[in-house]
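**Student:** Listed here are the chains, written in short residue letters.
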Amino acid sequence: MEKIRSIEQLDGLRDRLGLKQGAVTRSLTFCAGTGCRAYGSMDVVEAFRKELKKRGLSRKVAVKTTGCHGFCERGPMVLISPEGIFYEQVAGKDVPEIVEKTILNHEVIDRLLYKDPKTGEPVPKEADIPFYRLQNRLLLGENLLIDPTSIEDYIARGGYRALAKALKQMRPEQIIDEVERSGLRGRGGGGFPTGRKWRSCREAEGEIKYVICNADEGDPGAYMDRSLLEGNPHMILEGMIIGAYAIGAQQGYIYVRNEYPLAVDHASQALKAARRHGFLGEDILGSGFTFDVKITRGGGAFVCGESTALMASLEGRPGEPRAKYVHTVDRGLFDMPTNLNNVESWANIPRIVLDGADSFAKLGTKGSKGTKIFSLVGKINNTGLVEVPMGMRLREIIFDIGGGIPDGKRFKAVQTGGPSGGCLPEERLDLRVDFDELAAAGSMMGSGGMIVMDEDNCMVDVARYFVTFLEEESCGKCTPCREGLRRMKEILTDICEGRGQKDAVEQLERLGRAMKAASLCELGRTAANPVLTTIRYFRDEYEAHITKKKCPAFVCRKLVHYSINPKKCVGCQACARACPAHCISGGKKKVHVIDQDRCIHCGSCFDACKFDAVKRK
Amino acid sequence: MAITVTIDGRTTSVEEGTTILHAARDLGIEIPTLCHNDAVEPYGVCRVCIVEASDGKGRAKVVTSCNYEVWDGLHVQTGSEQIMEARRTILDLLLSAHPNAKPVQDLAAQYGVTEPSYTGDPEDDCILCGLCVRVCDQVVGVSALGFSNRGPARKMVSPFLDPSPTCIGCGSCVYVCPTRCLHIVDEGNKRVLYKQDRKNVFKEFELLPCLSCGRPFLPREQLEYVRKKFKLPRKLAQTCPTCGGPGV
Ligand SMILES: Cc1cc2nc3c(=O)[nH]c(=O)nc-3n(C[C@H](O)[C@H](O)[C@H](O)COP(=O)(O)O)c2cc1C
Ligand code: SF4
Ligand code: SF4
Ligand code: FES
Chain W
1 MEKIRSIEQL DGLRDRLGLK QGAVTRSLTF CAGTGCRAYG SMDVVEAFRK ELKKRGLSRK
61 VAVKTTGCHG FCERGPMVLI SPEGIFYEQV AGKDVPEIVE KTILNHEVID RLLYKDPKTG
121 EPVPKEADIP FYRLQNRLLL GENLLIDPTS IEDYIARGGY RALAKALKQM RPEQIIDEVE
181 RSGLRGRGGG GFPTGRKWRS CREAEGEIKY VICNADEGDP GAYMDRSLLE GNPHMILEGM
241 IIGAYAIGAQ QGYIYVRNEY PLAVDHASQA LKAARRHGFL GEDILGSGFT FDVKITRGGG
301 AFVCGESTAL MASLEGRPGE PRAKYVHTVD RGLFDMPTNL NNVESWANIP RIVLDGADSF
361 AKLGTKGSKG TKIFSLVGKI NNTGLVEVPM GMRLREIIFD IGGGIPDGKR FKAVQTGGPS
421 GGCLPEERLD LRVDFDELAA AGSMMGSGGM IVMDEDNCMV DVARYFVTFL EEESCGKCTP
481 CREGLRRMKE ILTDICEGRG QKDAVEQLER LGRAMKAASL CELGRTAANP VLTTIRYFRD
541 EYEAHITKKK CPAFVCRKLV HYSINPKKCV GCQACARACP AHCISGGKKK VHVIDQDRCI
601 HCGSCFDACK FDAVKRK
Chain Y
1001 MAITVTIDGR TTSVEEGTTI LHAARDLGIE IPTLCHNDAV EPYGVCRVCI VEASDGKGRA
1061 KVVTSCNYEV WDGLHVQTGS EQIMEARRTI LDLLLSAHPN AKPVQDLAAQ YGVTEPSYTG
1121 DPEDDCILCG LCVRVCDQVV GVSALGFSNR GPARKMVSPF LDPSPTCIGC GSCVYVCPTR
1181 CLHIVDEGNK RVLYKQDRKN VFKEFELLPC LSCGRPFLPR EQLEYVRKKF KLPRKLAQTC
1241 PTCGGPGV
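Chains as they are written, first to last, in the numbering used here: chain W, 1 to 617; chain Y, 1001 to 1248.
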């Protein structure tokens, strides 16, 4: 491969690749992201390849594997182009039928179509599925069109055109102006204006400067960064090269979680391909600019995603945060000016440079521009990745795109922003999701996690769950976070187990205030959010636990009491068989009784009884 | 360049690079500290030295005075209501975890906390201030101490677990430890370094005799370290301070 040195050369290559791809009339696109692979998508791909070969169709029908499409609930899936037909939960045994009917005879197989949960009607085309239709997939949409291991695919879609424009036609300051005007704010949590960060780093003094891509993604349940890096690594790389040029950096790092082998693999392949094409290394695109990128695997601790801890870990020191009074843009990695951005922040850069700041700033709200990817998980019909313009209402995301709550249950709360985000109640469903609105409601954007909870969730238990996670992940360096979380966990456990003191809520609030004000890093400063928001919006649940010793959602075992209604009991013995403590007595056709002293409050009898005779309160 | 700062309504002029803690000391304003010692770099972890910092107009930020460097026009409040409450909570938390740590007891009492709110370990006086770790690294230069584990399980240990191959038994860590939970004792020709009690021995040393009076006084590791670092002849290096040796 000859290195590309000019815009004309790049455009020529793009056109040739585009023509070649256009020559194929039919194509089958498979999601081969980590989620769908776990459902067996690669076996289905293999089955298709074999079937097409058997029928001599290998040359006429292209088979493409791509990164995550976001609709992870439905994998393995296949998208048939140009019709746009979408089949979900496809198995190897469906393959001959799909080839025979749909590919050869243009017949749609109803059984494999997505059914609208509201109407029960099958939806043949992917574009008409509400989950996709209501999104604005500026970043994720590309995942469907690109084989992440093929730089040609990326170039054919106009990839590296932004880099060529930046290097050949723009001065570094101009690029920074453009990014600043776009209003892009960091997607890693803090929402710091990206352009401003770049400018500070450019202006900082230092012989060597670094740029880093934060792909640590330690939030449990979040995987937007993984999906981007896995599904479209060149887009992130292109963003980083443009950023490095604008800032004046010579070396870049991608700090990626060790648990993301596919992302590491695709990113490594992308680096090699980019070097071969002259997008990385010395004299990039003949511009005289020299820059390269290394991949470093993170140790796995949640706190390593924090900027100063990440840099310490990159240097081989313990991954612990330090005070940021000296900014990392002035003295970061190896004490040199360093610009750290999140995967999704970098991914937005090529489009901003190519289409201009205005086209990006058209989307979103006053203070938050562009789109944001959220991972929707928990009690929600359409689990998956969702990309929407900033400012969309929570209600639309959860009910229209997410398809609402399964099994006809009632929505109770949504936790946004990862483990230290806040829990927002039904009254807040009309909130327009952006950095400032979420913060005003006591929560945060974080990296974009959304965990939906329904009537069966106990909010005190939820707070305890997150505090337990954070207590384990706190580095333990500073007092308020280390000791505050430890005591919060003790107090919440007491409340959940019926030992809650009268002033427990006050104590939690007092600890929360100290942690928020005085912790060293953002982990400690935000760690009280789940507790403070559940107190703010669900105080009655705390009171029920503390004063009445009751758990209204019947989650906190020790507070739920089971008894058998003699009027309804038919003596079927189902409960007695199910009870692991063997504490239910009563023979066949006799009324059963629970020995309260031996009952372990597990609820097995409640689940087992078909006659509604087991009461809980 | 001199910089003007206002602390609790009083203005002073200090050198660039001065921390709030030192600027306040200049003015005779006392800010409590537990993890600070001028001999080493600030670490900013106990968080009792928090103050409010602002430009005098905008919203104030809570910062730690031991490692926040002043800038021209900085306004500082060392005892606002928010600060006093947070400081009290932090001291309560520290006293709860380490009820017998003397400096914590004393400082907490100054803030009206005499009874800790929670139960802790009466036999754990280490407040994780990291002074020993920093002295060993920044002053002695052998980095024989560190921390293990995360969250509330965090512990001060010798890294790679004991005995540390680099520890020379100089006792500097014992000297800086604010809660006196590190101990070093000489018993005949043996020196023992331990934390809290004899169950946590970090290292044992063989003591070499003074070449002049014959009293065992110098760990072998220290002799080698001192000879290498200061290029001292053996005769001088192995003479105890009483007999005119250099000491460490
Ligand atoms: C405990 C903690 C964990 C974090 N984890 C991540 C992470 O996994 N990925 C990330 O991009 N940012 C993470 N951040 C935010 C980073 O510190 C930093 O703000 C961000 O990477 C900057 O990039 P941005 O400006 O593009 O958002 C974390 C912050 C904290 C306090
Ligand atoms: S706030 Fe928590 S995670 Fe951050 S430095 Fe303090 S102990 Fe470590
Ligand atoms: S042993 Fe002493 S000096 Fe070392 S961290 Fe513990 S309290 Fe601080
Ligand atoms: S003295 Fe400043 S944080 Fe401990």
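Hints are computed from structural coordinates only; laboratory data are not their basis. Just to be clear, a hint being listed does not mean it is correct.
To be verified - Heads up, incomplete: computed chain Y residues facing chain W, CB under 7 Å, no partners named:
#1 1067
#2 1089
#3 1184
#4 1185
A quick note: this is a predicted structure, and the numbers were derived from the prediction, not measured. Idealized CB from N, CA, C, for every residue including glycine.
**Student:** What hints, given by number in increasing order, does this structure fail?
**Tutor:** The structure breaks hints 3 and 4; every other hint is satisfied.
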